[in-house]
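So the protein sequences, as listed, match chains A and B. In terms of this note's numbering, the first sequence is residues 1 to 113. In terms of this note's numbering, the second sequence is residues 114 to 227.
Since the hints were made in silico from the structure, they are not lab data. In this text the structure is predicted, and so the values were computed from the model without any measurement. Each residue gets a CB set at the ideal place from its N, CA and C atoms; glycine is no exception. Keep in mind that a hint or two might mislead.
Capping the alpha-carbon separation at 30 Å, the derived lysine-lysine pairs in DSS-like fashion look like this [to be verified]:
| id | chain 1 | residue 1 | chain 2 | residue 2 |
| --- | --- | --- | --- | --- |
| 1 | A | Lys58 | A | Lys69 |
| 2 | B | Lys170 | A | Lys69 |
| 3 | A | Lys49 | A | Lys105 |
| 4 | B | Lys126 | A | Lys105 |
| 5 | A | Lys68 | A | Lys58 |
| 6 | A | Lys69 | A | Lys105 |
| 7 | A | Lys49 | A | Lys69 |
| 8 | A | Lys105 | A | Lys68 |
| 9 | B | Lys170 | A | Lys105 |
| 10 | A | Lys68 | A | Lys49 |
| 11 | B | Lys170 | B | Lys126 |
| 12 | A | Lys49 | B | Lys170 |
Beta-carbon label-pair distances, calculated as ranges [what the hints assert, rightly or not]:
| id | chain 1 | residue 1 | chain 2 | residue 2 | range |
| --- | --- | --- | --- | --- | --- |
| 13 | A | Ile60 | B | Gly171 | 25 to 33 Å |
| 14 | B | Asn190 | A | Ala17 | 41 to 49 Å |
| 15 | A | Ile60 | B | Ala115 | 17 to 25 Å |
| 16 | B | Gln167 | A | Leu18 | 39 to 47 Å |
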Amino acid sequence: AQSVTQLGSHVSVSEGALVLLRCNYSSSVPPYLFWYVQYPNQGLQLLLKYTTGATLVKGINGFEAEFKKSETSFHLTKPSAHMSDAAEYFCAVSVAWGDKIIFGKGTRLHILP
Amino acid sequence: KAGVTQTPRYLIKTRGQQVTLSCSPISGHRSVSWYQQTPGQGLQFLFEYFSETQRNKGNFPGRFSGRQFSNSRSEMNVSTLELGDSALYLCASSLVGDGTDTQYFGPGTRLTVL
Numbered sequence: 001a002q003s004v005t006q007l008g009s010h011v012s013v014s015e016g017a018l019v020l021l022r023c024n025y026s027s028s029v030p031p032y033l034f035w036y037v038q039y040p041n042q043g044l045q046l047l048l049k050y051t052t053g054a055t056l057v058k059g060i061n062g063f064e065a066e067f068k069k070s071e072t073s074f075h076l077t078k079p080s081a082h083m084s085d086a087a088e089y090f091c092a093v094s095v096a097w098g099d100k101i102i103f104g105k106g107t108r109l110h111i112l113p
Numbered sequence: 114k115a116g117v118t119q120t121p122r123y124l125i126k127t128r129g130q131q132v133t134l135s136c137s138p139i140s141g142h143r144s145v146s147w148y149q150q151t152p153g154q155g156l157q158f159l160f161e162y163f164s165e166t167q168r169n170k171g172n173f174p175g176r177f178s179g180r181q182f183s184n185s186r187s188e189m190n191v192s193t194l195e196l197g198d199s200a201l202y203l204c205a206s207s208l209v210g211d212g213t214d215t216q217y218f219g220p221g222t223r224l225t226v227l
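One chain only, chain B, in its complex shape (with noise of 0.2 Å):
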């Protein structure tokens, strides 16, 4: 069975553009997670979607946002781009998003902001 994939996996842009993240899934798992991930900061969760719907929000700006279509595939949506939302972009995919469901990461894209 295929992993989680990330595309594209390492991303350069620069300040005040806008970027688009994809994640494909594990074939028949129904929730994607999207954390970033800084030296600093350490990982932290972004949003979750379940069948299409964004279930939890972290704390992060209305400039990152996502969304989820129907076979499941997520994309990542960061505008107006920061110096500081340099960071690993990692997707995590799992059967139902139970709390105790195993989360499957990607490889992450590595998004660099000059």
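Pulled out of the complex, with its shape left as it was, chain A reads as follows (with noise of 0.2 Å):
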């Protein structure tokens, strides 16, 4: 069975540096995974997503991620943050067609001014 891990349930960043939240997943097949994003009191938004192609995925917001099989780790990163950027972040990896989708326990991002 597929599972997740994040490393670090909160990240502190300063305003204008390197946002990198850690995500490593298991899994006997090759994955799907996903970063979501959840701002206080909403629901989750897809930020960006890696089915097949190519390792290095853009998403919005200026963030992005690289797929890394000899790792097996999907890592966020986004060059320069922002105060808008603080939200609590989720990695998830599905692997089959209809199967469920199964979640980190999600990294909460604080940006310090």
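Mind assembling these two chains? They're in different frames, but the hints should get you there.
And the structure:
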């Protein structure tokens, strides 16, 4: 069965600094990988997803993630943090048509002025 | 195009009662999934419906049930409520529920059990 581990339940970065949120997955077959963001009192919004093809995936709001099969990782990055990026971020994995999506525990991103 | 809507947004119940939550997916979407979100357990998958059939189910007791109607709207029911059922319940819709399919989430229903 697949699983997702997000390293760090809370991450703080200064405004303008690099954002790096870590995600490692476990899957016996090639996975589909997702990053979602959740702002306070809202549902989740898809940031980006990897299905097949190019391993560097660009998403909304300047975020991108790279699928590294050898490291079983799908870390999320953004070159320059903005105050509006403060939110909770979820990494997720699924493996097949009709299969459920498994979410990580989430990482709350704090932006320091 | 309207997004996923969930009603009600907030609900307060007492132990032993039952509750029904509603989810209206994006027009044209046939797959609806339900999740429970709590600070301790994070996002946990409850079940997924596609064309009125439950296709996937998470590890929740039988007190949690759901259904989907012919217009793809879905309801989730929790019977004999327990304090631990207090959570944000999120509904997500997608076109066909393919593993690559993008899920669109509603704002959630916050259930408080007293």
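Legend entry - Hints the structure fails to honour: none
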